[in-house]
Amino acid sequence: MDGGNLAATEHALFVAAHEKCYCLDPETGETIRIFEIPESPDGSPHRWGYVSCTDNILYGSSATPLIRDYFTLREILIQNGKWRDADEIPPQYRDEYENLTSNYPVPDDKLWTYFKRSGVLWRLMADFPDWEIYKSSKGALSENMMVSNMIFAIDTETGELLWKHHGKRIAHITITSGDGTIFFAESAVSKEQKKRAFQTRQELIRKGIYEKSEEGVAA
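Residues are numbered in my numbering as their position in the sequence shown, beginning at 1, plus a constant of 1306.
Treat each hint with caution, since some may be false.
[What the hints assert, rightly or not] Below are the EDC-like pairs computed for lysine to aspartate or glutamate, each with C-alpha atoms no more than 16 Å apart in a straight line:
(1) Lys-1474 - Glu-1342
(2) Lys-1388 - Glu-1404
(3) Lys-1470 - Glu-1492
(4) Lys-1388 - Asp-1348
(5) Lys-1470 - Glu-1345
(6) Lys-1474 - Glu-1492
(7) Lys-1326 - Glu-1345
(8) Lys-1470 - Glu-1342
[Said to hold, decoys possible] Ranges between beta-carbon positions, derived for each pair:
(9) Ile-1511 - Tyr-1376: 41 to 47 Å
(10) Gly-1514 - Phe-1489: 20 to 26 Å
(11) Gly-1514 - Asn-1405: 57 to 63 Å
(12) Glu-1466 - Gln-1385: 39 to 45 Å
Hints listed in this document are in silico derivations from the structure and should not be mistaken for laboratory results. For glycine and all other residues, C-beta sits at the position ideal for the given N, C-alpha and C.
Whenever a hint applies, use it, and build me the whole structure from the sequences.
Here it is, written out as structure tokens:
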């Protein structure tokens, strides 16, 4: 999954949306500052993926834009509070249109409740992994995983970019921080790094810090 687009501190609420992160006053909702993603090496558009804030440092990641926005389906099917005419609906949405207009002749609050309950709006935003399929012939890393190619840190007081790390397929759900260190898993790991990590793990096992298991056999 994506990992969420909200982060909060005692003095601010951070909302990541598209290529920007909005810093809001938690009491008034007023926008205090807007932070933008560092430019990608090739200049291609990106969106804000991961977001968190600790000790006035805003952490983020740069991800490929989603296929669609959250309200795309509603905008395709409804205009000015009324259903669009059937001939205006793209072929790939006709079945959904016929089903919805049959069950909800008027696109009112009942339809909005259905949208929220069913998840139909966000399911169209990306090619998400299949639900409740926990075993895959491709393993845990698949093309459906929500990933970024860069992690960065920004000073929330000045807006200064403190650092950035260019990686490869950094999974959003693996990014976390603690004790002044940020951790994540990515695909751009060299054989030397794998070897060094395996040796470190073996040393931790010998010291009784890490419990040995059948997983993580060195390649």
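Comparing the hints with the structure gives:
Among the hinted pairs, Lys-1474 with Glu-1342 is inconsistent with the structure: their alpha-carbon atoms are about 21 Å apart, more than 16 Å. Of the supplied pair hints, the one linking Lys-1388 and Glu-1404 holds, its CA atoms being roughly 14 Å apart against a limit of 16 Å. Distance hint between Lys-1470 and Glu-1492 is fulfilled; the C-alpha atoms sit about 15 Å from each other, no more than 16 Å. Annotation: proposed proximity of Lys-1388 to Asp-1348 is violated, straight-line Cα distance about 42 Å (limit 16 Å).
Under the criterion of a C-alpha separation no larger than 16 Å, the hint pairing Lys-1470 with Glu-1345 is consistent with the structure, at around 11 Å. Taken as a hint, the Lys-1474 and Glu-1492 pair is honoured in the structure, with Cα atoms around 6 Å apart against an allowance of 16 Å. Proximity of Lys-1326 to Glu-1345 is assessed by CA-CA distance (about 12 Å); at most 16 Å being required, the pair is judged to hold. As the CA atoms of Lys-1470 and Glu-1342 are separated by approximately 13 Å, the hinted pair is consistent with the 16 Å bound.
Distance hint check for Ile-1511 and Tyr-1376: the Cβ-Cβ separation is about 46 Å, which falls inside the suggested range of 41 to 47 Å. Distance hint check for Gly-1514 and Phe-1489: the Cβ-Cβ separation is about 22 Å, which falls inside the suggested range of 20 to 26 Å. The hinted range of 57 to 63 Å is satisfied by Gly-1514 and Asn-1405, whose Cβ atoms lie roughly 59 Å apart. With their beta carbons about 44 Å apart, Glu-1466 and Gln-1385 fall inside the hinted range of 39 to 45 Å.
Hint check: violations occur at hints 1, 4; the rest are consistent with the structure.
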